[in-house]
Amino acid sequence: MAEIVLAYCSSHAPMMSSARMAAPEEQRNNFFAALDQLRDEAAARGVQVCVVLSNEHFTNFFLENFPQICIGVGERNWGPTEEWLPIEKVWIPGHPGLATHIAEHTLASGFDPAFSHQLELDHGIMTVYHELDPRMTLPLVPIVQNCAVPPLMPVRRAYEFGRAVGDAIRSYPGQTRVAVIGAGGLSHWIGTPRVGDIDEEFDRWFLGRLERGELEQVLDMPDSEIELAGNGSHEIRSWVAVAGAVEPVRAHTLAYEPIHPWITGMAVAHWETPR
Amino acid sequence: MSLYQLHRCVYDWVRVGEVGSAAGGGRAAFDTAGYQLTDEERAAFESQDVAAMYRLGLHPVLLNRYCRAAGYARDDYRKILEPFGVPQQRRGRWQR
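Protein chains in written order, with the working numbering: chain H, 1 to 275; chain Y, 1 to 96.
Since the hints were made in silico from the structure, they are not lab data. Hints should not be assumed to be uniformly reliable.
[Claimed, not checked] Stretch by stretch, here's where chain Y covers chain H in the computed footprint (C-beta under 8 angstroms, at least three residues):
{"hint": "1", "region": "57-64"}
{"hint": "2", "region": "202-215"}
{"hint": "3", "region": "227-233"}
[Claimed, not checked] From chain H, some residues computed to sit far from chain Y (all C-beta separations above 10 angstroms):
{"hint": "4", "residue": "Val-5"}
{"hint": "5", "residue": "Gln-37"}
{"hint": "6", "residue": "Tyr-172"}
{"hint": "7", "residue": "Arg-194"}
In this text the structure is predicted, and so the values were computed from the model without any measurement. Glycine is no exception: its CB is placed at the ideal position from the N, C-alpha and C atoms.
Isolated chain H (complex conformation) (with noise of 0.2 angstroms):
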């Protein structure tokens, strides 16, 4: 059966490609550092496909139909859409025999995804990837969520379908090494008059929850309550999917930075699956 031999979780602010160098040197160093040594780690490991959990902004869907979840399916899927974003625009390769056996899977225990057969990918899943990948030939399942329109879905079902992920991945057959990541938040504000600030104390908490594996008071988080760490903290949904994914393996945050000129607390967390 297929394994999850890396695990990790990054912010996405579209500034790290787009005004890398706009960070403070410190800052932009401790973060990229991070994210150099996954790609180190993903390399080692033998990463042979990657599923990169991440938030829908408009890109494929809109008010007419907005599904919690969209699994990417096809055979290739483009991107990025932003043409401000110094990334190459490109097909990526998917996988659909993962993909679709991850849709299966989660249907079979409960949950209605959605599933597109080609979807666009914009900065939430391109800047992580390009990290992991800079030649992105590496095949990904994109796994879309809806973390910005409400009603949104409640943050413990947001984990309890990264659980049927995790259950989907390890149960699909054949012996392919698989990188399930999240790729969101943490704090911050967009499109309001508190555009530009950083809740580093909820940052700093969450993470800390995550690598206590103390989530109970996460999952029960009522949206008006994550609102007051920004609108773009919503995006925790994608991380606390990943941490269901690999339950009861608690992450180890590798890097976090409040850097202001990329309107983000920007973190990297790791979870330890077996090599």
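Use these hints to put chain Y onto chain H, whose structure you have.
Same frame as chain H, now just chain Y:
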């Protein structure tokens, strides 16, 4: 009543200038005639009035994308929106 129409209009305007969407003349040729906007919504869109679009309830993710596409730096649109900020009295469980 036509808040959806405003969203659709702004979204289409943003998208027409993005990758693979340039067919049809791009943003310069964008025509709002097909959108059922109120006079206030049409005026806000046509005058690129970010404050008015925020006040009308444009989704913040879309507003952010609109601002970037329209050439507003983030610090600039923050200054425009700051008068609409409401001091938060509630506290999150992470706050000491």
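Right, here's what the structure says about each hint:
Look at the region 57-64 of chain H against chain Y: 4 of its residues bring a Cβ nearer than 8 angstroms to a Cβ of that chain, three or more, so the hint holds. With 3 residues having a beta carbon nearer than 8 angstroms to a beta carbon of chain Y, the region 202-215 of chain H meets the requirement of three or more and the stated coverage holds. With 3 residues bearing a CB less than 8 angstroms from a CB of chain Y, the region 227-233 of chain H meets the requirement of three and the coverage assertion stands. With a cut of 10 angstroms on Cβ distances, Val-5(H) stays outside the contact zone with chain Y, its closest approach being about 32 angstroms.
Non-interface call for Gln-37(H) relative to chain Y: holds, since the shortest CB-CB distance, roughly 27 angstroms, exceeds 10 angstroms. With a least CB separation of 32 angstroms from chain Y, Tyr-172(H) remains clear of the 10 angstroms interface cut-off, as annotated. Not every beta carbon of chain Y lies more than 10 angstroms from that of Arg-194(H), the smallest distance being close to 7 angstroms; the non-interface claim is violated.
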